[in-house]
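Trainee: Using the sequences plus the hints, can you model the full thing?
Chains as they are written, first to last, in my numbering: chain A, 12 to 418; chain B, 34 to 164.
Just so you know, the hints here were simulated from the structure itself, not pulled from any lab data.
Some clues are possibly wrong.
What the hints assert, rightly or not - Below, a list of computed lysine to any residue pairs in the SDA-like style, where the Cα atoms sit at most 20 Å apart:
{"hint": "1", "chain 1": "A", "residue 1": "393", "chain 2": "B", "residue 2": "46"}
{"hint": "2", "chain 1": "B", "residue 1": "111", "chain 2": "B", "residue 2": "82"}
{"hint": "3", "chain 1": "A", "residue 1": "332", "chain 2": "B", "residue 2": "37"}
{"hint": "4", "chain 1": "B", "residue 1": "119", "chain 2": "B", "residue 2": "60"}
{"hint": "5", "chain 1": "A", "residue 1": "119", "chain 2": "A", "residue 2": "205"}
{"hint": "6", "chain 1": "A", "residue 1": "376", "chain 2": "A", "residue 2": "280"}
{"hint": "7", "chain 1": "B", "residue 1": "90", "chain 2": "B", "residue 2": "155"}
{"hint": "8", "chain 1": "A", "residue 1": "393", "chain 2": "A", "residue 2": "376"}
{"hint": "9", "chain 1": "A", "residue 1": "393", "chain 2": "A", "residue 2": "405"}
{"hint": "10", "chain 1": "B", "residue 1": "55", "chain 2": "A", "residue 2": "405"}
{"hint": "11", "chain 1": "B", "residue 1": "39", "chain 2": "A", "residue 2": "330"}
{"hint": "12", "chain 1": "A", "residue 1": "81", "chain 2": "A", "residue 2": "205"}
{"hint": "13", "chain 1": "B", "residue 1": "55", "chain 2": "B", "residue 2": "134"}
{"hint": "14", "chain 1": "B", "residue 1": "79", "chain 2": "B", "residue 2": "90"}
{"hint": "15", "chain 1": "A", "residue 1": "393", "chain 2": "B", "residue 2": "51"}
{"hint": "16", "chain 1": "A", "residue 1": "393", "chain 2": "B", "residue 2": "153"}
{"hint": "17", "chain 1": "A", "residue 1": "188", "chain 2": "A", "residue 2": "258"}
{"hint": "18", "chain 1": "B", "residue 1": "90", "chain 2": "B", "residue 2": "153"}
{"hint": "19", "chain 1": "A", "residue 1": "393", "chain 2": "B", "residue 2": "48"}
{"hint": "20", "chain 1": "B", "residue 1": "55", "chain 2": "A", "residue 2": "396"}
{"hint": "21", "chain 1": "A", "residue 1": "332", "chain 2": "B", "residue 2": "35"}
{"hint": "22", "chain 1": "A", "residue 1": "393", "chain 2": "B", "residue 2": "155"}
{"hint": "23", "chain 1": "B", "residue 1": "90", "chain 2": "A", "residue 2": "225"}
{"hint": "24", "chain 1": "A", "residue 1": "115", "chain 2": "A", "residue 2": "351"}
{"hint": "25", "chain 1": "B", "residue 1": "55", "chain 2": "A", "residue 2": "402"}
{"hint": "26", "chain 1": "B", "residue 1": "90", "chain 2": "A", "residue 2": "402"}
{"hint": "27", "chain 1": "B", "residue 1": "90", "chain 2": "A", "residue 2": "392"}
{"hint": "28", "chain 1": "B", "residue 1": "55", "chain 2": "A", "residue 2": "414"}
{"hint": "29", "chain 1": "B", "residue 1": "55", "chain 2": "A", "residue 2": "404"}
Said to hold, decoys possible - Some residues of chain A that are not near chain B, with every Cβ distance over 12 Å (derived):
{"hint": "30", "residue": "47"}
{"hint": "31", "residue": "52"}
{"hint": "32", "residue": "104"}
{"hint": "33", "residue": "252"}
{"hint": "34", "residue": "279"}
{"hint": "35", "residue": "280"}
{"hint": "36", "residue": "325"}
We put the CB at the ideal spot given by N, CA and C, even for glycine.
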Amino acid sequence: MSELKMPIYFDYAATTPVDPRVAEKMMQYLTPMGVFGNPASKSHSFGWEAEAAVEEARGNVAALINADPKEIVWTSGATESNNLAIKGAAHFNERRGKHIITCKTEHKAVLDTCRQLEREGFEVTYLDPEPNGLIDLAKLKAAMREDTTVVSIMHVNNETGVIQDIAAIGEMCRANKTIFHVDAAQSAGKVPIDIEALKVDMMSFSAHKIYGPKGIGALYVRRKPRVRIEAQTHGGGHERGMRSGTLPTHQIVGMGEAFRIAKLEMNAENDRILMLRNRLYDGLKDIEEVYVNGDLEHRVAGILNISFNYVEGESLMMSLKGLAMSSGSACTSASLEPSYVLRALGRSDELAHSSLRLSMGRFSKVEEVDYAIERIRAAVEKLRELSPLWEMFQEGIDISKVEWVSH
Amino acid sequence: MAYGEKVIDHYENPRNVGSFSKADLNIGTGMVGAPACGDVMKLQIKVNDQGIIEDAKFKTYGCGSAIASSSLLTEWVKGKTLEEAKLIKNTDIAAELDLPPVKIHCSVLAEDAIRTAIEDYQKKQQEQAGA
Ligand SMILES: Cc1ncc(COP(=O)(O)O)c(C=O)c1O
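Mentor: Next up, the structure:
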């Protein structure tokens, strides 16, 4: 144990470190000795070399999802990709209809974009997921209308790791002539994606969730059948007019390299990470009153979201200073509202407040998982000794029936 | 969330954790907060014939600041008369623990807890006198 470096990183869903192989490559595109040119400079070799690097990276991103490189548009990250996709498609198709469908468990980059469109006069349906986090396809079907122009559903949820059935949703959207956008920030490089086999029209990616740098992402925009969107950033007409701005060569090269490595190593890596997650879960599941948030089957390998009933998440994190992770508790924010994702799954406020998200990745180790198990078990035991709710539970009192004097 | 030293000390070595029997006449119990809000405090005081708080115990579900606020409170009330204990202000707790603005509600909850515990004790005494 002594060789473990503290704190241990269990927050790969928030961001990943850049793979040293990726950083190595990026460094060749910055300095006077490197390929620093503007990829849009057509009149000299500095520009040509940079352009070649950008196109190679575009090819690597496309290859991971079996797309045509011409279908990849560089952005600053999945937030921008989501904005461009949803606003761009909604605006372009405004005359056809002004109805959008999404889900309550989407990332804020999707939900807030939809809120903005509502302010502009669009109508948005926010689907409730089932308690396991999955969308009931019948409910989606019932929500679809003739004037529904865009459906935006994420592939893998960032808090729970639940994987949606985007193949089935794609079929339904295509049948309704509705544009289907998928936020794949958490799934690229973790779940196989064959865009040719899916009826997905647009897909958002981020480099920093798969060992690439922060501040770079991409949007896949289908060419056959062609999807048209309105640009959100105007300027020099880069990226076929869809997204202007000088391309950040080093960032793009980093994203390309990260995607290239992901394609090569994804299968073996997933097996290993799944083994770690199972080990973690097996080490915790026999604790009394433990609940996994989100479906355990339809789930990405690296994320475990788990609630320890009657223990508050933030205090749990405080006892676990050696572990860097996230909690669904929002005690730090003035709102006192726990995770909206867990609430949308129908979890009680207590269970949402009692949740931890542990996410593992490329550099996670068995010893780190074993250490986490040992520490979490001890912390839960300690905090339950301190918890009046645990005492009431032990006395057989139903907490949900108590009338609380809230303040 | 970065915590102050005193919060960490109370959190790591909470004072006076535990429970007294609620039914006992010389015990006052204050249970405040709500699980939905992320914090519940149970504070109990043991009052002697002279009206002095002889002992206090707590259990708290909540963040580190909530735990520290209630732990500190049990130390403060011991040896005080009920009247003196009523004078403890949330601002005193917040100042002693150096609570940041987002955590002030934890000290408010602690003040509620001691008041509710005193009321509970006094109500029991009155009922006893009336019976
Ligand atoms: C599902 C999902 N969508 C979008 C984003 C935002 O991505 P970015 O940080 O690249 O803007 C994230 C990450 O925070 C995410 O997990």
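Trainee: Compare the structure with each hint and give your call.
Mentor: Okay, the hints, checked on the actual structure:
no.: 1; hint: A:393 - B:46; result: 11 Å, holds
no.: 2; hint: B:111 - B:82; result: 15 Å, holds
no.: 3; hint: A:332 - B:37; result: 14 Å, holds
no.: 4; hint: B:119 - B:60; result: 16 Å, holds
no.: 5; hint: A:119 - A:205; result: 26 Å, violated
no.: 6; hint: A:376 - A:280; result: 12 Å, holds
no.: 7; hint: B:90 - B:155; result: 18 Å, holds
no.: 8; hint: A:393 - A:376; result: 26 Å, violated
no.: 9; hint: A:393 - A:405; result: 15 Å, holds
no.: 10; hint: B:55 - A:405; result: 16 Å, holds
no.: 11; hint: B:39 - A:330; result: 15 Å, holds
no.: 12; hint: A:81 - A:205; result: 16 Å, holds
no.: 13; hint: B:55 - B:134; result: 34 Å, violated
no.: 14; hint: B:79 - B:90; result: 9 Å, holds
no.: 15; hint: A:393 - B:51; result: 12 Å, holds
no.: 16; hint: A:393 - B:153; result: 28 Å, violated
no.: 17; hint: A:188 - A:258; result: 33 Å, violated
no.: 18; hint: B:90 - B:153; result: 15 Å, holds
no.: 19; hint: A:393 - B:48; result: 14 Å, holds
no.: 20; hint: B:55 - A:396; result: 18 Å, holds
no.: 21; hint: A:332 - B:35; result: 11 Å, holds
no.: 22; hint: A:393 - B:155; result: 33 Å, violated
no.: 23; hint: B:90 - A:225; result: 49 Å, violated
no.: 24; hint: A:115 - A:351; result: 8 Å, holds
no.: 25; hint: B:55 - A:402; result: 13 Å, holds
no.: 26; hint: B:90 - A:402; result: 14 Å, holds
no.: 27; hint: B:90 - A:392; result: 19 Å, holds
no.: 28; hint: B:55 - A:414; result: 17 Å, holds
no.: 29; hint: B:55 - A:404; result: 16 Å, holds
no.: 30; hint: 47; result: 39 Å, holds
no.: 31; hint: 52; result: 47 Å, holds
no.: 32; hint: 104; result: 41 Å, holds
no.: 33; hint: 252; result: 45 Å, holds
no.: 34; hint: 279; result: 37 Å, holds
no.: 35; hint: 280; result: 32 Å, holds
no.: 36; hint: 325; result: 4 Å, violated
Hints 5, 8, 13, 16, 17, 22, 23, 36 from the earlier list are contradicted by this structure; the remaining hints agree with it.
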